[in-house]
Amino acid sequence: MSKLNATDIQGFVLRGYNMPYARYCFLHFTSAPNARALMRELLGVITTGQLWDQGKPQSTVNIAFTHKGLVSLQLPLATLITFPVEFQLGMKARGGILGDTGINGPEHWDNLWQDDSEDAEVHAWLAIHALSQEVLEDRFVYLQALISQTESAQILDTQDAAALVEGGKVTLKEHFGYTDGFGNPDYLGVCRSTQPGQGKLMPDGTWQPLATGELLLGYADEAGELPVAPVPHILAANGTFMVYRKLHQNVATFRRFLDSWSSRYGAGDAQAREKLASKFIGRWRDGTPVEVSPDAPDPTLTQDPNRSTNFTYSNDAAGTRCPVGAHIRRVHPRDAFGFEGRLINRRRITRRGLPYGPYLPEDAQFDELTDKTDRGVAFMVLNASISRQFEFVQQQWINYGNDAHQGNEKDLLLGNHGPGEKYVIQGDRNAANPPLICANLPNFVELRGGDYFFIPSITALGLIAMNLVDPR
Amino acid sequence: MGNQNGKVYGLTLLCPILEDDRATPSHDLQIRYYLAQLSTGPESPFTRSSSTHLARLVVMDDVVYVGAPACEEHLNSKYLIFETNCDSDLDGYMTELAQTIPDTLDQIWQHCTGYPGTRDLSAFLRYMRSCQIETTFFFAATNDKNRNETLAALQTQRSVAEFITAHQGMDPAQLQREFVAFAGRLKSAPLPKPAVFPQSAERSIQTGGHNE
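Quick note, the sequences are listed as chains A and B, same order. The opening residue of the first sequence carries number 1 in the numbering used here; numbering runs sequentially from there. The opening residue of the second sequence carries number 1 in the numbering used here; numbering runs sequentially from there.
It is possible that part of the hints are untrue.
[As the list claims (entries may be wrong)] Calculated pairs, DSSO-like style, for lysine-lysine (alpha carbon to alpha carbon, straight line, at most 27 Å): (1) B/LYS193 - A/LYS422; (2) A/LYS422 - B/LYS7; (3) A/LYS372 - A/LYS422.
These aren't lab readings, by the way, just hints derived from the structure by calculation. In this text, all values refer to a predicted model and were calculated from it rather than measured experimentally.
With the sequences and hints as input, model every part of the structure.
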């Protein structure tokens, strides 16, 4: 395999920045030539995947385009029609497949995503990540100036996101209290070293990186094929596709649900409550994998990259440690489907994201209005094929349970639940590990909008900026 | 794997479709048209046989040439494919179908070469036997129980899950009383109709598509 050119790949694709502040700006281009002028200005600004051996920068900038954005940039028709169909259609049109219906339907989305009028089309995602709020604001002012100098675009809306702060400390938690961000897949050539549990499971039980083409366009994927990509090749190579979803979290609903069911679980005390919370996800709230440490969280485990994602489910077919339908077991089944894990290697996704909205401390009071507070996670998925990877996971593993031997049951946390849906927690004879069926699942998470984006390489951004995209 | 898996029989028939230049439309199109109008739900004629687990009818025109470097090949005829998982075996199942839905069978198979019709049962069975090929794979969700046992098991699974949900944590003595009563009700409950999904099992999501 050829060595990846990290200076040609946007940094956001190759690594999670682990910066506590972010602002996602959603642009509408008002003039193609001026938008190209903006791209020329941005060429030297966009953060690449080059390693930060010289020290972490104060902030980063990245860009991605919707298909409508590429149309408005006047890419040649012969190029535009070669993008994968689901990207051309956009996320709203794929709602039937994704289960973005009912309370998750477009009529409940933020105005930014709901508005179908032509002058409100989202064309680009311009992302700033920063180490401090001040740096973030400075960077935003700088980008605003570039946009207005070039008279290229209108900022339709921005989405701020920030790591949750608990007791004055920046955390990796999301609003339900779970430490997030464990376990993204490793890809060949992308990481300097691989972490056990992150790539693909080999017959000898070791883990190897996934093929580069599962993340980046222009490289062979796990089937030895090139992912479906636009022409010309140079526009596609080193790029990827991003799914952006604003996921609202109903924190009061979650806490009420946890209180109500944990009072009937085991001893019904605070310990039982934490254990039940761990059974929903497959990780304790500090991130300890339940499969490895079923009885209690273990901070030494979460700190050890050789152990924090290094586990399989074949010795827990009954789900008495990690429930068969637990979130992480559904979306990354490892060896749970047999065949040494080979059935899942083309269904892996890379996740990015940060929470938005105020954190509600665990001991805080809440009421009927708490769920209305604008809080959740700005969730992003990176993958070479949105239909084969993200959409499959969402359709088959989140909103359906057949592969996980759960019939029609959905993922407890992310599923778009209908009336009377349930979640089964397998148990054993240990009084502290009883079975439980949680019934009448509410929707803990609601979709507030989003779309499908193309993250071009630096070369491709240059081609777009200089109007040199040539499909011939 | 042969045709038998536990109590379930995998029947696969490959029946050549008539080629007749004078037929308008052609016989394969006439089968397609008829099949397209058959119900695939509880009203399907195949549910009237008490031993159908699933039945699938496919018109196969030809093998598709996918371009070089593949070599171009063609079938000698168009075929009607009938695949079913059923109780009993070819003779038993096809006899039952010939007795319960003779008109449906004749409407479909009248377009096949050499089909004698359902009225002469022994000729009908001889014909079907000559079209049988070995079933090597079963539908993945097939178990080894007969159809009525499967329908009852699905009902039991749903009912027990509902019972547990409603009664978990109950005082043991009361739980036992409730369970005995529940088990009695379940035992005498009528067998659910095939291909009828309870509301809780409905799948609202759009299915199909090349990612599935």
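> CA of A/LYS372 to CA of A/LYS422, is that 27 Å or under?
Replying inline: With Cα atoms ~24 Å apart, A/LYS372 and A/LYS422 stay inside 27 Å; holds.
> Is it true that the CA of B/LYS193 sits at most 27 Å from the CA of A/LYS422?
Replying inline: Given that 27 Å is the threshold and the Cα spacing comes to 24 Å, the pair holds.
> Straight-line Cα separation of A/LYS422 and B/LYS7 no greater than 27 Å?
Replying inline: violated (32 Å)
The structure fails hint 2 only (numbered hints given earlier).
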